[in-house]
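*Asks:* If you want the building blocks of each chain, they are given just below.
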Amino acid sequence: MFHFRTDITDTLEDVFLEDITVPKGNFFSLDELAGFSSNEPVMLDHKNVLTSGLEIYLLAIREGKRTIPVKREGRFSKIDIPNLALTA
Amino acid sequence: MEKNLTFILWKTSEPGIKTIYKMVYAGKKVIERKSLRYRISEKNWDNVAKRVTSKEKNHVLINSLLVSTENTFRFENSPAEAGSDKTCSLFFFENRLNSTFRDGTTKASTYKKYSTVLEGFKSCALAAFGKPELPFAELRNPETIRELTLGLKKSRRKSRSKKEDHVVFNYLSVFKTYVDLWNMESGTQFPVNTAAFFRFINRKKPAKQATVLSGDQIRMMGEYIPKGNRNSYSETLAKSMFLFQYHAGGIRIQDCLFLTNKMFHSDRLTTTVKKTGGLINIPYCFGMVECLRPYHEDEYRKSVQNVRTGKLSLPAEVIMTLYRIGNFDFSSMDYASFMGFYNMVSSNPKYAGIMPALETVRDLLEKEIMDIFFSSLREKPEQFVFPQLDIEDFKGVRDNTAKFTQKHEYILHRARTRHNSALARIGKSLGIENLTGHVPRHTLANHLMSEGFGLEKISHVLAHAETKTTKIYLKNSHGYTDTMDTLKEFRERKK
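Heads up: the protein sequence lines correspond to chains A and B, in order. Residue numbering for the first sequence follows the working numbering, starting at 1 and increasing by one per position. Residue numbering for the second sequence follows the working numbering, starting at 1 and increasing by one per position.
Same shape as in the complex, but just chain A (with noise of 0.2 Å):
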């Protein structure tokens, strides 16, 4: 028998702040932070580790929030690239 895992979806699901790993090597400035918005979601990895939306996830801590909506991406989630290449 075998048993499909749902973790590849495109709903929202909240997920504690400080079960997040974040990358190294990001940098921003307070004041870059300060004027960001954004209404693209957060991206988690299958291990959790933070992909896309870090400013969010920042603006979430001083915010002191405790969870966060997050989408998830599995191991074998269609890759999206948009094909300027060819377009142009």
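Treat the hints with care, as some may be off.
Beta-carbon label-pair distances, calculated as ranges [unchecked claim]:
# : chain 1 : residue 1 : chain 2 : residue 2 : range
1 : B       : Asp334    : A       : Gly25     : 50 to 58 Å
2 : B       : Val345    : A       : His46     : 34 to 42 Å
3 : B       : Asp334    : A       : Glu32     : 12 to 20 Å
4 : B       : Glu451    : A       : Gly74     : 32 to 40 Å
5 : A       : Glu32     : B       : Ile472    : 50 to 58 Å
6 : B       : Asp334    : A       : Val49     : 45 to 53 Å
I should point out that these hints are in silico values taken from the structure, not numbers from a laboratory. No residue lacks a Cβ here, since even glycine has one placed at the ideal position from N, Cα and C.
Guided by the hints, dock chain B onto chain A, whose structure is given.
*Replies:* Here is chain B on its own, set in the frame of chain A:
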């Protein structure tokens, strides 16, 4: 035709008083006649010996001048005499010293020191042998060396205190250099054994540790505020220069005095090492800014005004920590307000967890300030960064100490003396003995050693020409040897 020298008396306006003249003649023809500028009573002149008698007030001085003039003449006019061991070694010393000073191979400061040494030998020879002469042949006699050594120990100062053995050793070392030179150049088959010069000196003395400051004492120096107004400026300047030397790779005080603002490049300080030649590059640290701040207040203010925490590019991990701290708006903080917050937090062990992030912010703020400060410092008209010397006084000569005149040497000597006196006062207030302009070098060398840096690397930092000099700093002055590392490792393994 052979030239001869004699001394004659020449009339003056005063009856019975004559001036001594030197006269050079060949046959009956007078070639040169020159006043020696000594006026004596005619009746005190021995016309046969061509010397003044002991009744004349300055007879010792005048006669020694006459001997010296004769020696110079003999040396210059009979080249064969230079190779003879009957030549006066003191005259050879004097002649060589003067000629090297004239051609610029001996610096004014060295000339002055060596002249003092020469005078010491002359008065010593005069006292011991009755004349200011010391033929090379005499130097082979151990009794002569013994007399010289004992004579040199007697100080010519008013106090009549004895010279210490190491001072006599230095006198003999200088003399040895010239005797070795004569051994080499004269072509003599029986050179003087100069190693025997030191046999009557006991150089062994208990090892004395050079002063080295601990990390806490360096901090104490940084926080030192001079008491009263009288010496406030000189002590602040001495403190700033002392700490700057420590932060800037232990550069020598002479190099520190000659630092100009044009030596401060975008990412490093490049300065010449006057003693050994060559260049040394020193990376910046914020301590250097703090030391220069009192003398470049406008540049400092400009750099601090332009830096704010909100503008810094910070790692996400650091921002996470800053956002966790409530009640403080970091984005509008300048350096002073951030450091106020930093100092408040760092004194409380409860907040140890957030310190690494705060340290990162502090370092980035300081880096920004350094960038602006050093670049605006560089843009100023050329000047010495520490106001001990005036750049106009050293125009055209400051890159080459060999070009220094006695006036330059005097100005430099006064600056050093001022600096060391101010440091001595600071040392007295802080309870640190023997605080001098050389202590930063010893301190840095020992701090590097205790952090595990090797001899070779320390030697490069201190710009020593040879590692054996560094060994003197570490081993001879502080007892550092490989045994330190070996024993440390041994104890670690035993645990």
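*Asks:* Next, verify each hint and record whether it holds.
*Replies:* Each hint, compared with the structure:
In this structure, Asp334/B and Gly25/A break the distance hint of 50 to 58 Å, their C-beta atoms being roughly 28 Å apart. Roughly 38 Å separates the CB atoms of Val345/B and His46/A, a value that falls within the hinted 34 to 42 Å. Checked against the given bound of 12 to 20 Å, the beta carbons of Asp334/B and Glu32/A, roughly 18 Å apart, stay inside it. Against the hinted window of 32 to 40 Å, the Cβ-Cβ separation of Glu451/B and Gly74/A comes to about 49 Å, which falls outside the hint.
Between Glu32/A and Ile472/B the beta carbons are some 54 Å apart, a value that agrees with the proposed interval 50 to 58 Å. Here the CB-CB span from Asp334/B to Val49/A is close to 36 Å, at odds with the stated 45 to 53 Å.
Hints 1, 4 and 6 from the earlier list are contradicted by this structure; the remaining hints agree with it.
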